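Taking the hints into account, I'd like the entire structure generated from these sequences.
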Amino acid sequence: MKNKSLVSITDFSKDEIMRIVELAAEFEANPNQKLLDGKVVASLFFEPSTRTRLSFETAITRLGGGIVGFSDSSSSSTTKGETLKDTTIMVSNYSDLIVMRHPLEGAARYASEQASVPIINAGDGANQHPTQTLLDLYSIYKTQGTLDNLNIFLVGDLKYGRTVHSLLMAMSHFNTTFNFIAPDSLKMPDEYKLFLDSKGIKYYEHSEFTDIISAADILYMTRVQRERFSDPIEYEKVKNVYVLRNSMLNNTKDNLRILHPLPRVNEIHTDVDDNPKAYYFQQAENGVYARMAIIASILGLK
Amino acid sequence: MVIKKELSVSAIENGTVIDHIPANHLFKVISILGLDKIESMITFGTNFISKKQGKKAIIKVADMFFEDDDINKISLIAPTAKLNIIKDYQVVEKRSVEIPENIVGIAKCFNPKCITNNETITTKFKLAGKDPLALKCHYCEKITTEDHLEVL
Numbered sequence: 001m002k003n004k005s006l007v008s009i010t011d012f013s014k015d016e017i018m019r020i021v022e023l024a025a026e027f028e029a030n031p032n033q034k035l036l037d038g039k040v041v042a043s044l045f046f047e048p049s050t051r052t053r054l055s056f057e058t059a060i061t062r063l064g065g066g067i068v069g070f071s072d073s074s075s076s077s078t079t080k081g082e083t084l085k086d087t088t089i090m091v092s093n094y095s096d097l098i099v100m101r102h103p104l105e106g107a108a109r110y111a112s113e114q115a116s117v118p119i120i121n122a123g124d125g126a127n128q129h130p131t132q133t134l135l136d137l138y139s140i141y142k143t144q145g146t147l148d149n150l151n152i153f154l155v156g157d158l159k160y161g162r163t164v165h166s167l168l169m170a171m172s173h174f175n176t177t178f179n180f181i182a183p184d185s186l187k188m189p190d191e192y193k194l195f196l197d198s199k200g201i202k203y204y205e206h207s208e209f210t211d212i213i214s215a216a217d218i219l220y221m222t223r224v225q226r227e228r229f230s231d232p233i234e235y236e237k238v239k240n241v242y243v244l245r246n247s248m249l250n251n252t253k254d255n256l257r258i259l260h261p262l263p264r265v266n267e268i269h270t271d272v273d274d275n276p277k278a279y280y281f282q283q284a285e286n287g288v289y290a291r292m293a294i295i296a297s298i299l300g301l302k
Numbered sequence: 001m002v003i004k005k006e007l008s009v010s011a012i013e014n015g016t017v018i019d020h021i022p023a024n025h026l027f028k029v030i031s032i033l034g035l036d037k038i039e040s041m042i043t044f045g046t047n048f049i050s051k052k053q054g055k056k057a058i059i060k061v062a063d064m065f066f067e068d069d070d071i072n073k074i075s076l077i078a079p080t081a082k083l084n085i086i087k088d089y090q091v092v093e094k095r096s097v098e099i100p101e102n103i104v105g106i107a108k109c110f111n112p113k114c115i116t117n118n119e120t121i122t123t124k125f126k127l128a129g130k131d132p133l134a135l136k137c138h139y140c141e142k143i144t145t146e147d148h149l150e151v152l
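Residue numbers (full-length UniProt numbering), protein chains in the order written: chain A, 1 to 302; chain B, 1 to 152.
Don't read these hints as lab results, they were simulated from the structure. For clarity, every value in this text was computed on a predicted model and none was experimentally measured. Certain hints may be false.
To be verified - Below, computed lysine to aspartate or glutamate pairings styled on EDC-like, alpha-carbon distance capped at 20 Å:
hint, chain 1, residue 1, chain 2, residue 2
1, B, K126, A, E113
2, B, K126, A, D11
3, B, K136, A, D11
4, B, K113, A, D72
5, A, K80, B, E119
6, A, K302, A, D96
7, B, K142, A, D190
8, B, K126, A, E191
9, B, K130, A, E191
10, B, K142, A, D11
11, B, K142, A, E191
12, A, K159, B, E141
13, A, K193, B, E141
14, B, K113, A, E227
15, B, K130, B, D147
16, B, K113, A, E82
17, B, K142, A, E113
18, A, K253, A, D211
As the list claims (entries may be wrong) - Calculated from the model, a selection of chain B residues having no Cβ within reach of chain A, i.e. all distances over 10 Å:
hint, residue
19, E39
20, D69
21, D131
22, H148
The beta-carbon is built from N, C-alpha and C at its ideal position, and this holds for glycine as well.
Written out as structure tokens, the structure is:
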């Protein structure tokens, strides 16, 4: 996968995904490897995203690489009206790799066609965020010891949540059983269900968030956002229904782990934080190792 | 009253007749095929009565024969179009149009947050469904359906 851009999770095959997951484990065991010595990585954040940016910059620093870039578009030449094409071509002359976050959908794909160096998509609007998916996969692999044959419950906003869509696409390689728990207005879109049907993957849909989670290996929580509802009464009805509390975890499996892409608002009650099944903060830490693995393999250093 | 049958458009010796174009899309078809920039003799007419489609348009282009890839570009706006290939005043071949697998530079992505609607970029789609029509944007990966379709 040397010199291959990572724009969408579907750009990576099952073997390439497994390679990243295994490399991430290797970097976690030995995080300070100066493989990027003398290399420059451009970190272009056209919109602010502190968690993703710091995670990438930590990964690059641990690999011994240099970083150039900006953390929001007000400090870039975009404010002067420069096109994405020109910025990308210019920056690819300076750097060995570009990490890009952009508010417009398709920006990373377009940039990857303009740049002479590989692009890692760090989020393009509501479209793709493949490094989040790879860190989710690493978190699942690390806590379950495998990616195969797991029962994954996705909870909350399954309609607009790009993390759940990408996770679904990636896990479709591993004979996963899916359970979707969402209010009617935020159900998993048909196109993803048709995709699962076409691959012969089992899924079940629920609107109640109850003790059905006792069968789960992974509980992936997402935020139900007020701005997704055209009817405020509808939001008021569901906003407290999809909240996970510690008492709901009593009859769950020992190997269950709770994941969340963060930031959390109220969908996981703070009384869950001390439960050993809560894994969302370690999940964020895994992001650094997953991104080290992605950068090292794209640059052909591992 | 007797309805007199007569040829509304004169016949051509050699060339292509594109018939059954939806009347409201005549000028778009002309522009997509680049007929506004060629030297050949062209006759066209619109708002002819058609039993099948109400009102239709027709284009006759002398001495021009289209490749499938070119003619298929009009399939998004004129799926009903039929081609008659004329040689020596005779129809020697009839063809229909087909929606291509890759649609480049013809349709507009419906997603206002797509990069193609914010910078000067040639749009690219993959055909994701024919009936109903569904085009998947190469860039933002969103599906543009028939009711949102806009031709550039």
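Cross-check of the supplied hints:
no., hint, verdict
1, K126/B x E113/A, "holds, 17 Å"
2, K126/B x D11/A, "holds, 16 Å"
3, K136/B x D11/A, "holds, 16 Å"
4, K113/B x D72/A, "holds, 18 Å"
5, K80/A x E119/B, "holds, 15 Å"
6, K302/A x D96/A, "holds, 16 Å"
7, K142/B x D190/A, "holds, 13 Å"
8, K126/B x E191/A, "holds, 15 Å"
9, K130/B x E191/A, "holds, 15 Å"
10, K142/B x D11/A, "holds, 16 Å"
11, K142/B x E191/A, "holds, 11 Å"
12, K159/A x E141/B, "holds, 15 Å"
13, K193/A x E141/B, "holds, 17 Å"
14, K113/B x E227/A, "holds, 17 Å"
15, K130/B x D147/B, "holds, 13 Å"
16, K113/B x E82/A, "holds, 18 Å"
17, K142/B x E113/A, "holds, 19 Å"
18, K253/A x D211/A, "holds, 11 Å"
19, E39, "holds, 35 Å"
20, D69, "holds, 22 Å"
21, D131, "holds, 16 Å"
22, H148, "holds, 15 Å"
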